[in-house]
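Visitor: Below, each chain spelled out in residue letters.
There are 2 protein chains.
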Amino acid sequence: MSRRQLVLGAGFFYPGGEHVTSWRSPAARPGDFFDLDYYTRFAQTAEAGRFATVFVADELYVWDRFASGIDHGVNVRLEPFTLLSALSQVTTKIGLAATVSTTYNEPYHVARKLASLDHLSRGRAAWNLVTSASDEEARNFGRESNLDHPVRYRRGEEFVDVVTGLWDSWDDDAFRYDRASGVFADRAKLHVLDHAGEFLSVRGPLNIPRPPQGHPPLFQAGASEAGRALAGRTAEAVFTLSPDDLTGARRLYADYKLRARRAGRAADALLVLPALSPIIGRTDAEAEEKFRELASLTPDRVSLDLLSHHLGADLGERDPDELFEFDFDVAGFNQSQSFYAWIASLLAERPYTLRELYTELLRRRFRLGTPDSLAEWIAERYQRRAADGFILMFPTLPDTIEDFVADVIPRLTDAGIHPAGYAGDTLREHLGLARPEGRYVA
Amino acid sequence: MSRRQLVLGAGFFYPGGEHVTSWRSPAARPGDFFDLDYYTRFAQTAEAGRFATVFVADELYVWDRFASGIDHGVNVRLEPFTLLSALSQVTTKIGLAATVSTTYNEPYHVARKLASLDHLSRGRAAWNLVTSASDEEARNFGRESNLDHPVRYRRGEEFVDVVTGLWDSWDDDAFRYDRASGVFADRAKLHVLDHAGEFLSVRGPLNIPRPPQGHPPLFQAGASEAGRALAGRTAEAVFTLSPDDLTGARRLYADYKLRARRAGRAADALLVLPALSPIIGRTDAEAEEKFRELASLTPDRVSLDLLSHHLGADLGERDPDELFEFDFDVAGFNQSQSFYAWIASLLAERPYTLRELYTELLRRRFRLGTPDSLAEWIAERYQRRAADGFILMFPTLPDTIEDFVADVIPRLTDAGIHPAGYAGDTLREHLGLARPEGRYVA
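In the order they appear, the protein sequences are chains A and B.
Everything in the first sequence is counted per full-length UniProt numbering, starting at 1 for the first residue and increasing by one.
Everything in the second sequence is counted per full-length UniProt numbering, starting at 1 for the first residue and increasing by one.
If you are wondering where the hints come from, they were derived from the structure by calculation, not from laboratory data.
The structure presented is a predicted model; accordingly, all values stated were derived computationally and were not measured.
C-beta atoms are modelled at their ideal positions from N, C-alpha and C, and glycine is treated no differently.
It is possible that part of the hints are untrue.
[Said to hold, decoys possible] Here are some chain A residues pointing at chain B (derived, C-beta under 10 angstroms):
{"hint": "1", "residue": "LEU36"}
{"hint": "2", "residue": "VAL74"}
{"hint": "3", "residue": "ARG77"}
{"hint": "4", "residue": "ILE208"}
{"hint": "5", "residue": "THR359"}
{"hint": "6", "residue": "LEU361"}
{"hint": "7", "residue": "LEU362"}
Assemble the whole structure, with the sequences as input and the hints as a guide.
Guide: What follows is the structure, encoded as structure tokens:
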């Protein structure tokens, strides 16, 4: 089988775009962030570009650790399942991927919502597993602090096992609808999960037929050692931060594929989809100018507080223009280890002041270029096996998704790496993934 | 202020209609139960009849206590929030009420989903609070058995307090979107709930703006003493089983209103909406014939097992044609006390064999009549203050909602008690309920 074509996801966390102050950009429409029409336009634009899926990142709290977050950030968002269910009715092909915290959810609810969305969308649902990184989230769910990093990944793995088991409660052909005999379902095709594990006790069965896709595909974003290990065993696509250098990116890609093979799976069964936030100019200079404009929208205080957040330390009293020193302890850090480790790796390269550091962090979040150079960069990463595709996290909305679909997508399609049309009707088909059999099928 | 007009809800629990074997009726389309088009037709028909709301009943398990449930019942359904979010895009006026278990949910998730649905539907969301009655549900959520009846009602009341508090996290005018200053939200208009109660610890704030309705309206179905007490203090509409006799129905109505007043609320702030399952014939004889047809679709074993379920005892070995005796203990019963008490009241009237009992229970679930007699009955109940309206639980679908809208609704409108058009755009407007201020508003 030849390699699948490029797989693109159209993602967002902040409704206004990837950056915390994207809502200030001239194109932004912050007054529309709670109007479905805004998301309809986003999803339909992505669908016109043959994106495999919409991808809704999510967290379960208001970022109020620092006052600047309340003042300047978009600390509010629609809930992913309600949003994607609504979008299922204004789109026909594109996937609908919802972020799910396995730490602060019950698997019965999650299995059911995803199955329901999969039925409503006729096979387009997916989930993005996160384990939740912040103590603030814990406090919204009856705990004082978050579960420890390794514990929440163990729970995550058990959670996946329960959810997939619940989806298999009813065989695909369990329902007979036989008016004459009065038999609605075939009792022999119903299975009771009876799960009792370290974290979860769930009897089942699930009260909804098996999803059209069998199992809605599983995305996963963790890039820590625990996150990669979980992805190798369970995920069908990883959403990851990939190194800037091609060699490092190829190494990361190979690492994920190896982990899948070691778990007894085909390398092809796990897609590697790095994040990509393109800033597109007609010239490199124009792209640079757009980046500077975007960066200028962010008050210093917000940049500093974001960095404090990601390092789990209050840096507010430090002089932003003195050399920044920090004792990193990746394994002992209980928020997102991958972002923390990424900052550590930057500081290992050369000295930075605080101001230089947060400026550099912002710059590295984006990829600047022209439509030609961005299409070439994407093609190279794809062809050199540094990526199976990308999750686009658009810098500002709605303008940058529209620019990307208008100017970059045609170049990728002309190059023969991006599909000219959808391969089928379900997200699994768009992803080139087989539909799994139920676990009880002989 | 004159009294509000009749308020109707279009409900279902089984996708095929109110009865467990409605899916066998000639009009039923069991193969469409997981296709949104089926529910779109239902909701649009209800909207054409100026129903205030769609009302989706729900449970969190497969009824497999008895094998007959698996064989003959519709033990599967779409998840309410995903379904109603999808329906928000194919309707424009009708309310969207989702059943929520306060025993097996986290209030942060529930507050967020309802707020999100309220935004997506521009003010049409509502919730129907249930406390979950079955041990089978407990086993899907990490418990061996359900919380005791009084305990789950205490938790329910605390849950309502937390959810409404979370909705008030941001004042209605908290968001400024001020590009020039970079201020997105006004910090002074954000409130941290910091709830720590008997069952729940929830810090907040909620990560979504205050819902368009302020608080999506609260329906509640509990009719036990604990249920009525909770409704009096918190609910805006009760969905109840109302006695057949007008005097008893008026007494129940007055009891709810009194409980609201005792809680310091206006009697008008709590709507009493009994369940109504009309079987409509052109003549009484035709209605009777339709009832017999529907009853004949139910195997004796299913009827017996349903009764066993509602009494929390296995009656399968009893002779269905001997006189039935049973020791009732309403206060000690841990499933639905109201249905249990209703059965006890029937047996207090006269002796029944088991077969007579389940036949009578089925008959009393429905109201048989012609369009004229049903419209007159509804008008009388409304005018004599035995009901503010009804939640219609249609015996079979899609035929009986279509018959009701075609034949009964015009009679109610002509009589001047049912609205000829929607009063506004939000469900609160349809219900004649004021939009609540936030709890932090001075």
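Visitor: Hints first: check each against the structure and report whether it holds.
Guide: Here's how the hints hold up against the structure:
| no. | hint | result |
| --- | --- | --- |
| 1 | LEU36 | 5 angstroms, holds |
| 2 | VAL74 | 6 angstroms, holds |
| 3 | ARG77 | 6 angstroms, holds |
| 4 | ILE208 | 5 angstroms, holds |
| 5 | THR359 | 17 angstroms, violated |
| 6 | LEU361 | 19 angstroms, violated |
| 7 | LEU362 | 15 angstroms, violated |
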